[in-house]
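A.B. asks: Just need the whole structure built from these sequences, with the hints factored in.
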Amino acid sequence: MSLRLGLTPRSLTGHLLLLAAGVAAPFLFPGHTIQLAVFWVFVLFALTWDIMGGQMGYNSLGNILFFGLGMYVCAVAQIAIVYDVAQYTAASGAVRVDFSPKEYYQGLALGVVLAALVPVVFAVVLSWILFGLRGPYYAIGTLGVAIAAAELTNSWNYVGGGMGIAMPVFPGGPGMRERFFYAACMAATILCYLFLRWLYRTRFSLAINAIRDDEDKAEALGLHTSRYKMVAWSVSAFFLGIAGALFGNMTGFIEPMETAFPTLTFGIFMVAMTLLGGKGTLWGPVIGSTLFYALRELTWTYLLGWQYIALGVLIIVNVVYFQQGIVGWLRQRRPQWFAPHAETPADKRLETGGKA
Amino acid sequence: MSAPVIEVRGVAKAFGGVVANHDVSLSVADGSITGLIGPNGSGKTTLFNSIVGQHPIDAGSIRFLGQEISRLNVQQIARLGMLRTFQQTRVFSKMDCVRNLLISLPHRDSEWKDMFRRYPAEVMERADGLLEFVGLYSKRMQIAGSLSFGQQKLLEFAMALMNQPRVLLLDEPTAGINPTLINGLIDRLKRANAEFGITLFVIEHNMRVIMNLASHIYCMSHGELLADGPPASIQDDQRVIDAYLGAH
Numbered sequence: 001m002s003l004r005l006g007l008t009p010r011s012l013t014g015h016l017l018l019l020a021a022g023v024a025a026p027f028l029f030p031g032h033t034i035q036l037a038v039f040w041v042f043v044l045f046a047l048t049w050d051i052m053g054g055q056m057g058y059n060s061l062g063n064i065l066f067f068g069l070g071m072y073v074c075a076v077a078q079i080a081i082v083y084d085v086a087q088y089t090a091a092s093g094a095v096r097v098d099f100s101p102k103e104y105y106q107g108l109a110l111g112v113v114l115a116a117l118v119p120v121v122f123a124v125v126l127s128w129i130l131f132g133l134r135g136p137y138y139a140i141g142t143l144g145v146a147i148a149a150a151e152l153t154n155s156w157n158y159v160g161g162g163m164g165i166a167m168p169v170f171p172g173g174p175g176m177r178e179r180f181f182y183a184a185c186m187a188a189t190i191l192c193y194l195f196l197r198w199l200y201r202t203r204f205s206l207a208i209n210a211i212r213d214d215e216d217k218a219e220a221l222g223l224h225t226s227r228y229k230m231v232a233w234s235v236s237a238f239f240l241g242i243a244g245a246l247f248g249n250m251t252g253f254i255e256p257m258e259t260a261f262p263t264l265t266f267g268i269f270m271v272a273m274t275l276l277g278g279k280g281t282l283w284g285p286v287i288g289s290t291l292f293y294a295l296r297e298l299t300w301t302y303l304l305g306w307q308y309i310a311l312g313v314l315i316i317v318n319v320v321y322f323q324q325g326i327v328g329w330l331r332q333r334r335p336q337w338f339a340p341h342a343e344t345p346a347d348k349r350l351e352t353g354g355k356a
Numbered sequence: 357m358s359a360p361v362i363e364v365r366g367v368a369k370a371f372g373g374v375v376a377n378h379d380v381s382l383s384v385a386d387g388s389i390t391g392l393i394g395p396n397g398s399g400k401t402t403l404f405n406s407i408v409g410q411h412p413i414d415a416g417s418i419r420f421l422g423q424e425i426s427r428l429n430v431q432q433i434a435r436l437g438m439l440r441t442f443q444q445t446r447v448f449s450k451m452d453c454v455r456n457l458l459i460s461l462p463h464r465d466s467e468w469k470d471m472f473r474r475y476p477a478e479v480m481e482r483a484d485g486l487l488e489f490v491g492l493y494s495k496r497m498q499i500a501g502s503l504s505f506g507q508q509k510l511l512e513f514a515m516a517l518m519n520q521p522r523v524l525l526l527d528e529p530t531a532g533i534n535p536t537l538i539n540g541l542i543d544r545l546k547r548a549n550a551e552f553g554i555t556l557f558v559i560e561h562n563m564r565v566i567m568n569l570a571s572h573i574y575c576m577s578h579g580e581l582l583a584d585g586p587p588a589s590i591q592d593d594q595r596v597i598d599a600y601l602g603a604h
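Protein chains in written order, with the working numbering: chain A, 1 to 356; chain B, 357 to 604.
To be clear, the hints were calculated from the coordinates, so they are not data collected in a lab.
Relax, there's no trap hidden among the hints.
A few chain A residues that face chain B, going by a derived Cβ cut-off under 7 angstroms, partial list only:
{"#": "1", "residue": "Arg203"}
{"#": "2", "residue": "Phe204"}
{"#": "3", "residue": "Leu206"}
{"#": "4", "residue": "Asn209"}
{"#": "5", "residue": "Ala210"}
{"#": "6", "residue": "Asp213"}
{"#": "7", "residue": "Asp214"}
{"#": "8", "residue": "Lys217"}
{"#": "9", "residue": "Glu219"}
{"#": "10", "residue": "Ala220"}
{"#": "11", "residue": "Leu221"}
{"#": "12", "residue": "Gly222"}
{"#": "13", "residue": "Leu223"}
Note that the structure is predicted; figures quoted are calculated from it, not measured.
Every residue, glycine too, gets a C-beta built ideally from N, C-alpha and C.
C.D. replies: As structure tokens, then:
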């Protein structure tokens with residue numbers, strides 16, 4: 001296990017310390033449990049965006065689609081196992097509907113599973129259509145799909161349209177609810193991190209890096225490029241769908257424009273966080289999202305009214321002067337920290353270093 | 357002469373009104389080193405692109421080991437065992453040399469589940485062996501984009517060998533390479549042909565190189581085949597000399 005994930009005793013200790021901090025956080029700051037859960041969702045956003053944008057060189061501006069899709073799929077599944085969905089949404093929260101704890105947890109479990117799988121189906125279908133586009137055309141194409149999804153949901157009365165859906169009420173006490181979703185968001189993000197850590201040590205990682213560097217050359221070598229691209233997007237969709245399902249339940253009320261498909265906030269945040277931390281690395285998105293989250297909280301607290309301007313300045317400075325991001329900068333400075341995996345015997349490890 | 361691996365019959369290709377290839381027919385014998393020469397703009401690279409499936413052809417037929425391939429795409433043809441290198445040299449510039457070679461492993465029989473496998477030790481050794489072969493072993497951990505142009509050419513050549521193709525189409529392998537290194541490259545091309553049994557089809561402008569390398573040479577001019585034959589007869593062919601000197 002530790003070999004497959006490339007965890008040395010030292011890095012294992014580091015990971016366990018971070019895990020302990022994650023477990024302790026809601027007990028240390030009980031008033032901020034939901035915000036801390038949102039932090040984990042942010043990390044997941046950046047990790048999943050980087051699969052495509054960083055490792056594969058396909059800058060998707062529409063990944064938020066899978067987040068919203070997961071959110072709605074989960075909501076509909078949760079409601080549908082007990083009530084008629086159209087009736088429930090038509091009442092738009094005016095009718096008090098009760099879910100027994102058993103119904104709630106069963107619905108949530110089913111909802112999360114479907115919220116992971118349905119976005120994967122969408123990713124597979126969309127990759128047939130959109131991967132014919134490259135570069136900025138792909139970015140705009142994906143953005144268009146996400147905006148279209150928001151508009152369609154907005155006018156689809158079965159799922160509540162613009163009125164949204166009041167989510168089933170969590171059966172436990174108020175403190176329990178926050179901790180439950182904090183734990184769920186943290187678990188989803190850690191699962192995503194471990195999966196990517198494993199995935200980036202397989203041939204898959206080399207293939208998507210090759211597609212990033214020169215897709216025509218990869219094709220000329222006979223790589224099944226469309227296969228790899230489809231899987232890469234499906235992995236993003238899978239974890240974003242889960243995140244959407246959890247986020248919707250945590251928020252308690254979902255609607256298409258601000259919560260499910262917020263292309264201009266979360267949709268852009270995932271790109272900004274990855275660029276800040278350093279795209280194309282595993283830890284770049286994690287560090288970038290942590291820093292971004294902290295800055296976002298600070299500006300929302302101390303620069304209210306100017307917070308988007310502050311974030312905009314950050315993005316501009318990042319993109320113009322610091323394109324490689326934090327981990328990218330470290331990789332230039334300390335290439336030996338980024339030597340290839342354990343398959344290479346230690347005596348052959350690089351002496352000459354990385355980038356010119 | 358043994359059976360042809362590549363057989364091109366009456367191939368035509370036009371871009372808008374510009375006829376790049378017109379009624380081109382040629383064949384590349386199995387195990388041979390065959391040359392393709394001609395002045396700039398005579399349609400050599402277009403013919404290469406047609407053979408490897410880069411673009412559809414307007415007319416004619418292209419066969420690889422007897423199989424019609426003119427309707428297949430680049431990836432399918434590459435997986436059949438016909439590979440090309442690029443005139444402008446294309447390597448995966450942000451990956452190190454070893455990784456460049458690993459990803460070049462043949463994808464002929466790769467299945468879905470293979471994408472989640474790791475590389476066995478013997479593949480790593482073969483990658484190291486090929487880097488040694490082209491003289492880049494000491495730079496194996498360097499990012500490919502940081503290599504000089506000539507070194508990138510050598511890396512691209514090693515990548516092609518890693519792919520274990522049946523036929524390798526080389527587009528100007530010596531262009532931009534330090535003259536003192538050219539002899540080494542010719543030697544390696546010949547060894548790839550003799551030791552690995554790879555048929556080579558080479559576009560080349562350097563007459564000394566191609567006359568030394570190829571056993572049979574085709575000469576193109578203005579999108580048509582002008583002459584073909586062994587190097588000695590091509591060298592003395594008045595039509596070839598005229599084409600190069602512009603006495604058309």
